Amino acid sequence: MSTETRKKPAYAHLFWWFMFANGGGLAALVLPVHILVQGVLGPLQIVPVVDQHFDTWVSVLGNPLVKLYVLALIALSFFHFAHRLRYLLVDFGLHAAKSVPAQVIFYGGAVAVTLVTVWVLLTTAPISLG
Amino acid sequence: MPSGWWLRKRHYFLYVVREFTALPMALWLLWLLFDIKSAGAGPSGFQPPRSTAFVVFSVVCLAFATYHSYTFLKLAGVIIHVKVLDRPVPPRAIVFTMFGLWALASVVIGAVLIGFAR
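In order, the protein sequence lines correspond to chains U and B.
All the letters of the first sequence, read from the start, carry residue numbers 1 to 130 under the numbering used here.
All the letters of the second sequence, read from the start, carry residue numbers 1 to 118 under the numbering used here.
Simulated from the structure, these hints should not be mistaken for lab results.
Certain hints may be false.
Lysine to any residue pairs mimicking SDA-like chemistry, simulated, CA-CA at most 20 Å apart [as the list claims (entries may be wrong)]: (1) B:Lys37 with U:Gly62; (2) U:Lys98 with B:Ser3; (3) B:Lys74 with U:Trp17; (4) B:Lys37 with U:Val111; (5) U:Lys98 with B:Leu23; (6) B:Lys74 with U:Asn22; (7) B:Lys9 with U:Leu89; (8) B:Lys37 with U:Leu71; (9) U:Lys98 with B:Val16; (10) U:Lys98 with B:Phe20; (11) B:Lys9 with U:Phe92; (12) B:Lys37 with U:Leu115; (13) B:Lys74 with B:Phe20; (14) U:Lys98 with B:Pro2; (15) B:Lys74 with U:Phe18; (16) B:Lys37 with U:Val60; (17) B:Lys37 with U:Ala125; (18) B:Lys74 with U:Phe20; (19) B:Lys37 with U:Val118; (20) B:Lys9 with U:Val90; (21) B:Lys74 with B:Ile94.
If you're wondering where the values come from, they're calculated on a predicted model, not measured in any experiment.
Throw the hints in and build the complete structure from the sequences for me.
What follows is the structure, encoded as structure tokens:
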């Protein structure tokens, strides 16, 4: 195959797969413990948890590393979810889920959640290194 | 494809469950975002999450999230190809490492969430 006719690397495809794989991996590694501790053990008051008290929750959320971590967790996970749910609809026979408008809705939704997360993290607890 | 195809074989059903895990996990993360936003209400307006409905919702999401972790990390042996000293690492070792990372991450994050509480 000559250089002129060689296909360009599918950078867009590569990007979505990167987001899909890393979002799935990060969610797989850390989400169950968040749900267990913050969603079950904390609310049942079996153990003390940071988000059960205003001062400890704001203090933890003020840490820039925590903000970055939460942003990565939510943003990457939502790109993963968008990809999975879109193809699940295709598997159920909804071929319109392959279309460009469907891609805009699903991945645009992930972008929207990412932007909302950035806004929430920047406006909720002031950044503090202490 | 005929409707109800995913109910015909256990393997198909589990595949659909695996893909569906995205929805409850997304809902729980949206709740986490809401929980973070609630910290902006100030000490008087802050309501810690303690309702029974929320615990039930979390237990359901936990089941789906754990299934996602199990299936996703198990696939790592097929997807990830690594060489150490010019020799390919066996898929079983990669899967074992991923499950070890899952355990380590769970301990570290659990320790932070509990250790920084009062």
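Quick rundown of the hints versus the structure:
1. B:Lys37 with U:Gly62: Measuring from Cα to Cα gives roughly 12 Å; hence the hint holds.
2. U:Lys98 with B:Ser3: 18 Å, holds
3. B:Lys74 with U:Trp17: 18 Å, holds
4. B:Lys37 with U:Val111: Roughly 18 Å separates the two Cα atoms, so the pair holds.
5. U:Lys98 with B:Leu23: 19 Å, holds
6. B:Lys74 with U:Asn22: It holds: about 15 Å lies between the C-alpha atoms, which stays within 20 Å.
7. B:Lys9 with U:Leu89: Distance of about 19 Å is within 20 Å: holds.
8. B:Lys37 with U:Leu71: Holds - the C-alpha atoms of Leu71 of chain U and Lys37 of chain B are around 13 Å apart, at most 20 Å.
9. U:Lys98 with B:Val16: Holds. Lys98 of chain U to Val16 of chain B sits at ~18 Å (cutoff 20 Å).
10. U:Lys98 with B:Phe20: Distance ~17 Å between Lys98 of chain U and Phe20 of chain B Cα, so the pair holds.
11. B:Lys9 with U:Phe92: With a Cα-Cα distance of about 15 Å, the restraint between Lys9 of chain B and Phe92 of chain U holds, given a limit of 20 Å.
12. B:Lys37 with U:Leu115: 14 Å, holds
13. B:Lys74 with B:Phe20: Roughly 17 Å separates the two Cα atoms, so the pair holds.
14. U:Lys98 with B:Pro2: 19 Å, holds
15. B:Lys74 with U:Phe18: 18 Å, holds
16. B:Lys37 with U:Val60: 13 Å, holds
17. B:Lys37 with U:Ala125: 9 Å, holds
18. B:Lys74 with U:Phe20: OK: Lys74 of chain B and Phe20 of chain U at ~16 Å, within 20 Å.
19. B:Lys37 with U:Val118: Holds, because 11 Å separates the two Cα atoms, which is no more than 20 Å.
20. B:Lys9 with U:Val90: Measuring from Cα to Cα gives roughly 19 Å; hence the hint holds.
21. B:Lys74 with B:Ile94: 9 Å, holds
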